[in-house]
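**Student:** From first to last, the protein sequence lines stand for chains P, D and A. 0 is the number of the first residue of the first sequence in numbering that gives the first Met the number 0; add one for each residue after it. 0 is the number of the first residue of the second sequence in numbering that gives the first Met the number 0; add one for each residue after it. 0 is the number of the first residue of the third sequence in numbering that gives the first Met the number 0; add one for each residue after it.
These aren't lab readings, by the way, just hints derived from the structure by calculation. Heads up, a few of these hints could be off.
Stated by the list, open to error - Under the rule of at most 27 Å between Cα atoms (straight-line distance), these lysine-lysine pairs were calculated in the DSSO-like manner:
1) D:Lys-76 with D:Lys-91
2) D:Lys-118 with A:Lys-2
3) D:Lys-147 with D:Lys-45
4) D:Lys-118 with D:Lys-91
5) D:Lys-170 with A:Lys-179
6) A:Lys-35 with P:Lys-209
7) P:Lys-296 with A:Lys-160
Values in this document were obtained by computation on a predicted structure and should not be read as measured data.
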Amino acid sequence: MKLNRLLGRWLPSGRTGVIAFPFFFLFLFFFVPFILVIGISFSEQRMGVPPYTNLTQIQDGVLNIALNLSHYQFLMTDDLYLATYLSSLKMALISTLCCLLIGYPIAYYIARAEASLRSTLMMLVMLPFWTSFLIRVYAWVAILKNDGLLNHFLIWLGLIHDPLRLYHTNWGVYIGMVYSYLPFMIMPLYAHLVKMDLALLEAAYDLGAKPWKAFFRITLPLSKNGIIAGSLLVFIPAVGEYVIPELLGGADTLMIGRVMWNEFFDNIDWPMAAAVTCAMVLLLLVPMALFQHYQTKEMEELS
Amino acid sequence: MMNERLNSQVMNPAQTRQSDFVQIIDVVKNFGDHAALNHVSLTVKKNELFALLGSSGCGKSTLLRILAGFESMTSGKILIDGEDLSRIPPYKRPVNMMFQSYALFPHMSVEANVAFGLKQEGVPKNEIQERVDDVLDLVQMRKFARRKPHQLSGGQQQRVALARSLVKRPKLLLLDEPMSALDKKIRQKTQLELVNILEKVDVTCIMVTHDQEEAMTMASRLAVMSEGEVIQVGAPSQVYEFPNCRFSAEFIGSTNLLDGVVVEDEPDHVFVECRDLPQRLYISHGITGPLGLEVTVSIRPERVRISREKPDQACNYARGVIKDMAYMGSYTLYHVALESGKVIVANLSSMMMGLNDAPGYDEEVFVSWSESCQVVLTS
Amino acid sequence: MIKPNKTLSSTVLGVGYLFLYLPIVLLVIYSFNESKLVTVWSGFSVKWYAALLDDEELVTAAWLSIRIALLTGTAAVVIGTVAGFVLARFGRFRLFTLFSAMINAPLVMPEVIIGISMLLLFVQMQQFLGWPAGRGLLTIWIGHTTLCVSYVAIIVQSRVKELDLALEEAAMDLGATPRKIFFSITLPLISQALVAGWLLSFTLSLDDLVLTAFLSGPGSTTLPMVVFSRVRLGLNPEMNALATLFITSVTIGVVGVNLYLRRQERKWAQEARLAFVEAAA
Chain P
0 MKLNRLLGRW LPSGRTGVIA FPFFFLFLFF FVPFILVIGI SFSEQRMGVP PYTNLTQIQD
60 GVLNIALNLS HYQFLMTDDL YLATYLSSLK MALISTLCCL LIGYPIAYYI ARAEASLRST
120 LMMLVMLPFW TSFLIRVYAW VAILKNDGLL NHFLIWLGLI HDPLRLYHTN WGVYIGMVYS
180 YLPFMIMPLY AHLVKMDLAL LEAAYDLGAK PWKAFFRITL PLSKNGIIAG SLLVFIPAVG
240 EYVIPELLGG ADTLMIGRVM WNEFFDNIDW PMAAAVTCAM VLLLLVPMAL FQHYQTKEME
300 ELS
Chain D
0 MMNERLNSQV MNPAQTRQSD FVQIIDVVKN FGDHAALNHV SLTVKKNELF ALLGSSGCGK
60 STLLRILAGF ESMTSGKILI DGEDLSRIPP YKRPVNMMFQ SYALFPHMSV EANVAFGLKQ
120 EGVPKNEIQE RVDDVLDLVQ MRKFARRKPH QLSGGQQQRV ALARSLVKRP KLLLLDEPMS
180 ALDKKIRQKT QLELVNILEK VDVTCIMVTH DQEEAMTMAS RLAVMSEGEV IQVGAPSQVY
240 EFPNCRFSAE FIGSTNLLDG VVVEDEPDHV FVECRDLPQR LYISHGITGP LGLEVTVSIR
300 PERVRISREK PDQACNYARG VIKDMAYMGS YTLYHVALES GKVIVANLSS MMMGLNDAPG
360 YDEEVFVSWS ESCQVVLTS
Chain A
0 MIKPNKTLSS TVLGVGYLFL YLPIVLLVIY SFNESKLVTV WSGFSVKWYA ALLDDEELVT
60 AAWLSIRIAL LTGTAAVVIG TVAGFVLARF GRFRLFTLFS AMINAPLVMP EVIIGISMLL
120 LFVQMQQFLG WPAGRGLLTI WIGHTTLCVS YVAIIVQSRV KELDLALEEA AMDLGATPRK
180 IFFSITLPLI SQALVAGWLL SFTLSLDDLV LTAFLSGPGS TTLPMVVFSR VRLGLNPEMN
240 ALATLFITSV TIGVVGVNLY LRRQERKWAQ EARLAFVEAA A
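Build out the structure end to end from the sequences listed, making use of the hints.
**Tutor:** Shown next, in the form of structure tokens:
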């Protein structure tokens, strides 16, 4: 903080230049595009390059701005779209919850392991993360197919007689989502759990609390920030996920990322895709603002 | 060494003005509406080791950081050797600081750390090598020149930090709690070593500490600070023997404070009527102030004598019962409860009382002190 | 210190790691399967690996992906380091919220959104400025960099915050200008974070599909795009072989880096202890 004040006093121009460099890059390539998306969502599809109409036209010295609201009207009234949005939210939510239920115990026991083991254990959790996302999702195809490895195994065990229909269904998507996003949940959870002062637990035991009680009243509340960070890190991208529903989901798996992709690449209806995108962003504004809030809080606590 | 410094403080006014090397003039520093420094003025003489003493929050560290250039003043002026500091950015000031955490650059060797400052000045390579070698010899770290900071002990790191801040021959050296990171046992030895080195180099030095023993051992003059203000300035012995107010008396060492009223005031003596004592206090020097003035009389515990028989003096004694004893090895602190309830603390060295002869709990004794060791405080 | 239940701990971790690794292990095993039917084992064979080398489409795509990843890594580190440093040290300047939002958003935002928005930008730019002329390596590179800048910035930001401010103050006290401080003190001390950021950006770029699909043009097909188009149609043993190669190299890399870092740490701790013992003697 103090360096900031010093820099402000002695090198005002230098400081601004330093901020400007990354700022302009991100402003141009990340922020401005959003404005464009909003704009395009009001135009109309047409053949040609680019495949959408201009918003503004100058005719006889009059500037006409045409805002086509049909896409938004359609979005808000079409049952399928509404169902898709709801389905995306539902699937993302369930995936997040599953990630939390599976990831929390893993993160907890790594955090409580011997100090020398911890970094190895975390490395083993992160290793799949560094491996290609695509590959990991593809790995499940062979397992989940009707004649795949899982069904073979279960039939061999005698647990079932007919194969489970998992591939190309919503179940496949859930499994794929949890599998792919698990490291993203474990990372922040671990980071918070490992910082917890164990003396607090010891004090609780000393005062007579049983281990489960201590967990629910001390450990869990203290790891709240980790839970929120991990959940947001999974939920938000999961809503707009394309690859997993495409590879593992069925024709009836309604996810908004997929819909948007189809509008864009298959129908070449860019304005419609843009409108879908805007609706998606609106949907995600609140969780994203939450994420931003927690990130800044984390960083401030660090100093 | 201490005596030499004491004697050197008695200078004539002309000399004093000449050697006012650092002038801190009416400095105010506000953080929002909190005044960290409230019109602080101090002068530090050339080549002296000046200590800013106070507990946390008193403003001493803020003043140090302002001198270094890491904080700006809200108002005021600071001159070093006649030069106004406020126009100079921290990387151009003739001031160097030894940080509390030493702040040695972990990715550089001892040599590189010490040479860093000289490189910024553009000093030629061979001169850099020479000066670095010299200063490392001075702090006896020459043979560790190639090591990295994490390969050094705390005391060794401190010496490197000192060398790094001395090599640039600054006009003013700042020490931020120099001993706080060291073990208590080696502190005393290091304090004296540090003072020796600084005297050899002939550098003006301002140090900040909350440890009054450290300030008294190392500094030639000190300033007691509290809540952004300077309470008292003077040589350690001066401030100890003649505190100017209750705060100074209690902050440095410990003392017995007796509240009373001046009942007789003459040029060469004063009588104080004290609520806690049956007899009056006789003080063998005059004070400025009218009759009836409410004062506090300070008596250091080491000046209090304990005896079983009533002492042979008309004033400055009282009868009491020993309520508590703290045996410290080389001396014992006796807490004597007087009839009025007031507790007087006496510090008796083990030399003065044989173990068999020492008084015990609940024993009735007399406490007494001489007429000249008392200090009258009006605030 | 109280230890958690050993059996519970081992069970949870065991099941957890099994879940994480079993699919990958199965993938690797079946890459050596002689049969084209991935789920029926018919014998050991490396023919699918040989097929990879002959697969021209794949090799070209791989080469393109590697080039883009190298460019992305470097660009993201340059821009991201400055961004991270600004976030850590510059306090709350004007437009701080916008700046920080632009850094945090790409971390979570679905790639389809980033994809369509950046594509529209390039289309409009081409209309008005004539640049970029069509989509290809350049647009993909810019897209990947935008995404990766966020990751690098976050890594650098947290590393810079860990740095003792006193080190920078000490350097300033010794006469170094702010610019000198950044290059001689800050940068060397955060170098590990920069390497981590580079590796992360490289990996993310190499693996990216959705964003690339929006920003690529004719003749700029990356490896993930080829892989995706093939696995969409079903199982493909050649893809297993490719996956295995990828997993192997990543594993060697991650484990290697980890071991190296641990060895460094141990050396440092040992040296520090030695100094302590020496001084006490």
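**Student:** Compare the structure with each hint and give your call.
**Tutor:** Tested hints:
1. D:Lys-76 with D:Lys-91: holds (17 Å)
2. D:Lys-118 with A:Lys-2: This hinted pair is violated, its Cα atoms lying about 53 Å apart.
3. D:Lys-147 with D:Lys-45: violated (34 Å)
4. D:Lys-118 with D:Lys-91: Given pair D:Lys-118, D:Lys-91 holds - Cα atoms ~13 Å apart, limit 27 Å.
5. D:Lys-170 with A:Lys-179: holds (23 Å)
6. A:Lys-35 with P:Lys-209: violated (56 Å)
7. P:Lys-296 with A:Lys-160: This hinted pair holds, its Cα atoms lying about 13 Å apart.
The structure does not agree with the numbered hints 2, 3, 6 stated previously, though it agrees with the rest.
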